[in-house]
Amino acid sequence: MKTIIKYVLLDLLKNKIILVYTLILAVLAVSVLNLDGNPSKGLLSLLNITLLFVPIITILFATIYFFNSIEFTELLLSQPINRKSVLLAEYTGVAVSLSAAYAAGIGIPLLLLVSGTASLILVISGLLLTLIFSSLALLIFVLCRDKTRGIGAAIITALFFSLLFDGLLIGLIYSFGEYPIEKMVLGAITLNPIDLARVLMLLQLDVAVLMGYSGALFKKFLGSAAGSIFAVSCLLCWMIVPLLLSVRVFNRKNL
Amino acid sequence: MIEIIQLTKSFGRCKALDNISLSMQQGQAISLLGPNGSGKTTLIKSILGLVIPEKGTIRINGQAVKKDWAYRSNIGYMPQIGRYPENMTIEQVINMIREIRRDHTVYDEDLLKGFGLDKVRHKMMRNLSGGTRQKVSASLAFLFSPGIYILDEPTAGLDPVSSELLKDKIAQELSRGKLVLITSHVLSDLEGIASHIVYLQDGRLMFYKSVEALQATTGEERLNKVIARVMQTELPASSYAV
Numbered sequence: 000m001k002t003i004i005k006y007v008l009l010d011l012l013k014n015k016i017i018l019v020y021t022l023i024l025a026v027l028a029v030s031v032l033n034l035d036g037n038p039s040k041g042l043l044s045l046l047n048i049t050l051l052f053v054p055i056i057t058i059l060f061a062t063i064y065f066f067n068s069i070e071f072t073e074l075l076l077s078q079p080i081n082r083k084s085v086l087l088a089e090y091t092g093v094a095v096s097l098s099a100a101y102a103a104g105i106g107i108p109l110l111l112l113v114s115g116t117a118s119l120i121l122v123i124s125g126l127l128l129t130l131i132f133s134s135l136a137l138l139i140f141v142l143c144r145d146k147t148r149g150i151g152a153a154i155i156t157a158l159f160f161s162l163l164f165d166g167l168l169i170g171l172i173y174s175f176g177e178y179p180i181e182k183m184v185l186g187a188i189t190l191n192p193i194d195l196a197r198v199l200m201l202l203q204l205d206v207a208v209l210m211g212y213s214g215a216l217f218k219k220f221l222g223s224a225a226g227s228i229f230a231v232s233c234l235l236c237w238m239i240v241p242l243l244l245s246v247r248v249f250n251r252k253n254l
Numbered sequence: 000m001i002e003i004i005q006l007t008k009s010f011g012r013c014k015a016l017d018n019i020s021l022s023m024q025q026g027q028a029i030s031l032l033g034p035n036g037s038g039k040t041t042l043i044k045s046i047l048g049l050v051i052p053e054k055g056t057i058r059i060n061g062q063a064v065k066k067d068w069a070y071r072s073n074i075g076y077m078p079q080i081g082r083y084p085e086n087m088t089i090e091q092v093i094n095m096i097r098e099i100r101r102d103h104t105v106y107d108e109d110l111l112k113g114f115g116l117d118k119v120r121h122k123m124m125r126n127l128s129g130g131t132r133q134k135v136s137a138s139l140a141f142l143f144s145p146g147i148y149i150l151d152e153p154t155a156g157l158d159p160v161s162s163e164l165l166k167d168k169i170a171q172e173l174s175r176g177k178l179v180l181i182t183s184h185v186l187s188d189l190e191g192i193a194s195h196i197v198y199l200q201d202g203r204l205m206f207y208k209s210v211e212a213l214q215a216t217t218g219e220e221r222l223n224k225v226i227a228r229v230m231q232t233e234l235p236a237s238s239y240a241v
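In order, the protein sequence lines correspond to chains A and B.
In this text, residue positions in the first sequence follow numbering that gives the first Met the number 0: the first is 0, and each later residue adds one.
In this text, residue positions in the second sequence follow numbering that gives the first Met the number 0: the first is 0, and each later residue adds one.
Derived by calculation from the structure, the hints in this document are not laboratory data.
Hints should not be assumed to be uniformly reliable.
[Stated by the list, open to error] Keeping only pairs whose Cα atoms sit at most 25 Å apart, straight-line, the calculated SDA-like set for lysine to any residue is:
1. B:K122 with A:L12
2. A:K146 with B:S128
3. B:K54 with B:S9
4. B:K14 with A:E73
5. B:K54 with A:K146
6. B:K112 with B:A170
7. A:K1 with B:R125
8. B:K66 with A:T2
9. B:K112 with B:D158
10. B:K65 with A:N250
11. B:K65 with B:G146
12. B:K65 with B:L49
13. A:K5 with B:L127
14. A:K146 with B:N94
15. A:K219 with A:N250
16. A:K15 with B:Q91
17. B:K112 with B:N126
18. B:K66 with B:T56
19. B:K122 with A:A224
20. B:K66 with A:N250
21. B:K54 with B:R12
22. A:K15 with A:N37
23. A:K219 with A:F164
24. A:K252 with B:Q79
25. A:K252 with B:K14
26. B:K122 with B:N94
27. B:K14 with A:R251
28. B:K166 with B:D201
29. B:K208 with B:N60
The task is simple: from the sequences and hints, build the whole structure.
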């Protein structure tokens, strides 16, 4: 397994898209942080950039990479090695290189310009989102038969979590505004990793006005510390569950 | 030795393999023939464990294929289409497979050198032509001197010199008592290599016979004429027996 991870990384670190992704993140981070005198505002802008770009780029890149290496995966599987190791090694390779790109692109400028707990939490949220959406890409890869459908599913998944889900949630809140639905909304937020990452960051920044409905709920019911721990555990579930499902499906998949 | 007992596999409604039983021994060169979509690749992939059969068992040297993966250390597989990670060099691909198969320490580098791949080992996979990638696949299949070779369209895309080199290598391995399972649409490439013919159609085994027996019944010498004659006579039902 280590061998495959090593060589997938060797391949991906030379990948031009990863390099461009790192550079774009770095340029965005530096310009946003220099634009605003207030570091808290800069962090919020970076948070929005992260929530917008990381999921879609990660899931698209990972899905395409998995589908492109399908013949190579077959060759690996014809070697004396089990399916789980091959799949998890490929996941690790992709997730680690995208995480490295994020850590370098956003993490380094933050460390130099606005180091602190809030910056650390932002980097952690971005990394968690990278791991989660690579894991969802893996699930899409094992479930879809061909690349075209896979890419379609990847785009729909990313758009669902970044746009559609919030719309549905707002609709829900408006229609049932008369009832005590706070706990239900809280539960609904755990169904969206992007929202969870947003809440995690906003709890840290402590900008009550900017927290919105979901953030305020988290704070009210769980408090900052418990809320953060809860959000991180939910995010970890979002990474692990699709991974376990992928392994299960892949073990029975016909290649 | 490969033993296949009542193997069945269907994709949706279409039966890719229908109750196939075969027994292949060491020293045989079995040529897998049949029209497109007759189940040749599915059969090969079932043996490699890439396709999971619905019914039936496959045994490699007495070991059942189902869950265990260690049996694959005795197989060298050359896929029909070789695609590799773009940014890896030839050397990296070969080293990677070597590191995965740590159980082997002696390498058969005849093909690697014969194809001249050692001279271009720093080239990236994405810059290679289809034929050169095919050479990499072939070299990988033969690198560990396995007991069983599974070659899916090995000569497709190779230039005549390389094709001859590969055929010589196959013949050499056969003389060492290896089992070779080979699919090819270029029948002339199988001339002098194939000892047995397995003919599949619509997922069914039409016949499994030795080349000598086929030559005797058809009265033809050359393999492509033999096969043409067999196909003309509508594959009689009596030819199911080995």
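Against the structure, the hints:
no. : hint               : result
1   : B:K122 with A:L12  : holds, 17 Å
2   : A:K146 with B:S128 : holds, 23 Å
3   : B:K54 with B:S9    : holds, 10 Å
4   : B:K14 with A:E73   : holds, 22 Å
5   : B:K54 with A:K146  : violated, 29 Å
6   : B:K112 with B:A170 : holds, 18 Å
7   : A:K1 with B:R125   : holds, 24 Å
8   : B:K66 with A:T2    : holds, 22 Å
9   : B:K112 with B:D158 : holds, 16 Å
10  : B:K65 with A:N250  : holds, 11 Å
11  : B:K65 with B:G146  : holds, 19 Å
12  : B:K65 with B:L49   : holds, 10 Å
13  : A:K5 with B:L127   : holds, 22 Å
14  : A:K146 with B:N94  : violated, 29 Å
15  : A:K219 with A:N250 : violated, 44 Å
16  : A:K15 with B:Q91   : holds, 19 Å
17  : B:K112 with B:N126 : holds, 20 Å
18  : B:K66 with B:T56   : holds, 11 Å
19  : B:K122 with A:A224 : violated, 53 Å
20  : B:K66 with A:N250  : holds, 10 Å
21  : B:K54 with B:R12   : holds, 15 Å
22  : A:K15 with A:N37   : violated, 34 Å
23  : A:K219 with A:F164 : holds, 22 Å
24  : A:K252 with B:Q79  : holds, 20 Å
25  : A:K252 with B:K14  : holds, 17 Å
26  : B:K122 with B:N94  : holds, 14 Å
27  : B:K14 with A:R251  : holds, 18 Å
28  : B:K166 with B:D201 : violated, 29 Å
29  : B:K208 with B:N60  : holds, 21 Å
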